[in-house]
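**Q** The residues making up each chain are set out below.
Number of protein chains: 2
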Amino acid sequence: MKFIHTADWHLGKLVHGIYMTEEQRYILEQFIELVEEEKPDAVVIAGDLYDRSVPPTEAVELLDEVLYRINVEMNTPIVAVSGNHDSAERLSFGSSWYKHSHFYLKGKLTGDFTPVKVNGVNFHCIPYAEPGTVRQLLGDDSIHSHHDAMSAIVNRIQEEMNPDEPHVFVGHAFVLGGKTTDSERTLSVGGSGCVGSDLFEPFHYTALGHLHSPDAIKHDSIRYSGSLLKYSFSEASQRKSVTIVEMKENGSIELRERSLRPKQDMRELKGHLEELLDPSFYQSQKVDDYLKIILHDEGTLIDPINKLRQVYPNVLHLERKLELTDAKKKSSFKVVEDKKKSELELFKEFYADMTTGDFTQSKEDVLEKVIEKARQEVFEG
Amino acid sequence: MKFIHTADWHLGKLVHGIYMTEEQRYILEQFIELVEEEKPDAVVIAGDLYDRSVPPTEAVELLDEVLYRINVEMNTPIVAVSGNHDSAERLSFGSSWYKHSHFYLKGKLTGDFTPVKVNGVNFHCIPYAEPGTVRQLLGDDSIHSHHDAMSAIVNRIQEEMNPDEPHVFVGHAFVLGGKTTDSERTLSVGGSGCVGSDLFEPFHYTALGHLHSPDAIKHDSIRYSGSLLKYSFSEASQRKSVTIVEMKENGSIELRERSLRPKQDMRELKGHLEELLDPSFYQSQKVDDYLKIILHDEGTLIDPINKLRQVYPNVLHLERKLELTDAKKKSSFKVVEDKKKSELELFKEFYADMTTGDFTQSKEDVLEKVIEKARQEVFEG
Chain R
1 MKFIHTADWH LGKLVHGIYM TEEQRYILEQ FIELVEEEKP DAVVIAGDLY DRSVPPTEAV
61 ELLDEVLYRI NVEMNTPIVA VSGNHDSAER LSFGSSWYKH SHFYLKGKLT GDFTPVKVNG
121 VNFHCIPYAE PGTVRQLLGD DSIHSHHDAM SAIVNRIQEE MNPDEPHVFV GHAFVLGGKT
181 TDSERTLSVG GSGCVGSDLF EPFHYTALGH LHSPDAIKHD SIRYSGSLLK YSFSEASQRK
241 SVTIVEMKEN GSIELRERSL RPKQDMRELK GHLEELLDPS FYQSQKVDDY LKIILHDEGT
301 LIDPINKLRQ VYPNVLHLER KLELTDAKKK SSFKVVEDKK KSELELFKEF YADMTTGDFT
361 QSKEDVLEKV IEKARQEVFE G
Chain Z
1 MKFIHTADWH LGKLVHGIYM TEEQRYILEQ FIELVEEEKP DAVVIAGDLY DRSVPPTEAV
61 ELLDEVLYRI NVEMNTPIVA VSGNHDSAER LSFGSSWYKH SHFYLKGKLT GDFTPVKVNG
121 VNFHCIPYAE PGTVRQLLGD DSIHSHHDAM SAIVNRIQEE MNPDEPHVFV GHAFVLGGKT
181 TDSERTLSVG GSGCVGSDLF EPFHYTALGH LHSPDAIKHD SIRYSGSLLK YSFSEASQRK
241 SVTIVEMKEN GSIELRERSL RPKQDMRELK GHLEELLDPS FYQSQKVDDY LKIILHDEGT
301 LIDPINKLRQ VYPNVLHLER KLELTDAKKK SSFKVVEDKK KSELELFKEF YADMTTGDFT
361 QSKEDVLEKV IEKARQEVFE G
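Quick note, the sequences are listed as chains R and Z, same order. Residue 147 in my numbering sits at position 147 of the first sequence, with consecutive numbering throughout. Residue 276 in my numbering sits at position 276 of the second sequence, with consecutive numbering throughout.
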């Protein structure tokens, strides 16, 4: 039995004000090709199919089309759960009909813990749920944290589990050991959002969604597939892939990763403005990637973002590399108090706040002349 | 071949600030019973399944449940199109899967005009579409109005039509001859929203949605089923029902109406406050109906809405029967100019604005005493 484990598609995602739908369509085409090549017995999607409870209609149409091609046209069973970004109720609509063609979508957690069986493997599908929801559903007042909730759910699953068969857990949760990035919204403070990985011991494989890196957790049989695409610059150095799981009848597994190549990468670029705008440099670059550019220049730059965008059209974020000391940071809040300072003194402070360089004597000489000239124009002009 | 024609469910509708979802669940239970009794070969829903493009999740769950019971559990084919209140794209999600169990949902108008065939009858499903959309879809620049659009669509349908078979048009439009009510949003001014009924001549039956009364159009074979429930007080006197269509192989039809009885009716109640609060009157009333109350009293009433709600908990709207003349209306805008008038004069004007009765001499005598007493208390107290 072979299945592909993926998660965190986040269809309808906006990144720095740009809808990723076309990028997502591109990468999903690759995914469909990959499914065609691998011919798995199932595709498992571990939550966050959409990025929000009410996704834009383009995302709705894209998901419909992709799932239809995989499930109906390619006749591949799909096992999916909703994540914290999905609306369990909205995603659930129609799921009763999908079963006919072996598309098993669990949108809302219910009291029915019967697994989905595909080619002899039991898939236990547990959509993302808040501890309060699980407490109410199971009538168990001792449930307070995500760990409590998952523990109670796994207990329920175990009651009906046939130990002679292979078992896969499909879920969307923050399992302890993972590293978070910006695009995974923090769920809670102080660890109550975390779930201990020991809970998944009864399963031969645990297919997780929620964290966006395939390296988020180090474990032989518990795994995040990672997201389809990089969804924030904190993911810039992450691999993006899906996991191919080959499972034997006794539940033993073999894992492989297959990487996905986006139309445009999301990455950081560092250097001096002049350097980045030099053809000998940028001709070796994929200039239409989504970029966060960090400029090393000190001193004033005139409209650097527009200059950069003439070469790199998809600069999403621009930063100056400023090594501010604490003292410097404080001084910026003092300016309003310093009304009696001269223009030169005020400018010196401004320069110190905005750059990492020294305001040398020659710079001071130039500025004094500028101030003098401006003063003359104001009073004489 | 027998089918049930219904439309305008408007799930998720808010009426005067109240979600109708529970009312809708109640009436849909009746509808399901009716389907069980009639055992039709199909259920036809002519648009506006939801009241808005993003309906509340309760409405999504209700629609899912009702359609599943009819289509899968009762094994009844469903033919449905989206209306102007539905989001064509959102409603379409999953529709490719539904066909397996003979649930034919046409959310978005496409260039494919192949009819759905159920028991030898061709159902031509045309969801609501703006003229601009149809113009673009058909590449026909002469399309400007809804009538133009429908005419072009029907021409396309006719190209492929087998004249020896029975044909049903299923659509959502404002077909000429209909009467509008408050809860059908006006689509356009000056008639460009209307579609001439002569266009539907090629069809043996035309199952329409959009107008909420089954009497909206008088025609042997073109019919609005009407909405499931009364959705505004302008529909208070309308019958609410579904239409049972029995169609022979030659396309000849026999129509029957089956009425639906809501848990709480929506109606108007008129009278004097005292009368309406009299047990001998209200004991014969269904006091928990949704009511618009029109009071005939003249003169001041203290907090009539709360008094009425103690007897009639679902008063949604209260009106005073005031026959304002134009002159009276104008006078209310003058008050601010009349700063030099006496208290008595000001009150006389106020009384005239607010009531239809005369401010008689005896009323004037009473008020003069009240004003005199108040003045004494202010200056002496």
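It is worth saying that the hints were derived from the structure and are not from the lab. Mixed in with the good hints there might be a few duds.
Below are the DSBU-like pairs computed for lysine-lysine, each with C-alpha atoms no more than 35 Å apart in a straight line [as the list claims (entries may be wrong)]:
hint, chain 1, residue 1, chain 2, residue 2
1, R, Lys-108, R, Lys-248
2, R, Lys-117, Z, Lys-292
3, Z, Lys-99, R, Lys-39
4, Z, Lys-117, R, Lys-99
5, Z, Lys-218, R, Lys-108
6, R, Lys-108, Z, Lys-39
7, Z, Lys-99, R, Lys-2
8, R, Lys-248, R, Lys-307
**Q** Now, for every hint given, state plainly whether the structure supports it.
**A** These are the hints, each one checked on the structure:
1. R:Lys-108 x R:Lys-248: 30 Å, holds
2. R:Lys-117 x Z:Lys-292: Violated. Lys-117 of chain R to Lys-292 of chain Z sits at ~56 Å, over the 35 Å cutoff.
3. Z:Lys-99 x R:Lys-39: Given that 35 Å is the threshold and the Cα spacing comes to 25 Å, the pair holds.
4. Z:Lys-117 x R:Lys-99: OK: Lys-117 of chain Z and Lys-99 of chain R at ~24 Å, within 35 Å.
5. Z:Lys-218 x R:Lys-108: Status violated; Cα separation ~46 Å.
6. R:Lys-108 x Z:Lys-39: 32 Å, holds
7. Z:Lys-99 x R:Lys-2: 29 Å, holds
8. R:Lys-248 x R:Lys-307: 57 Å, violated
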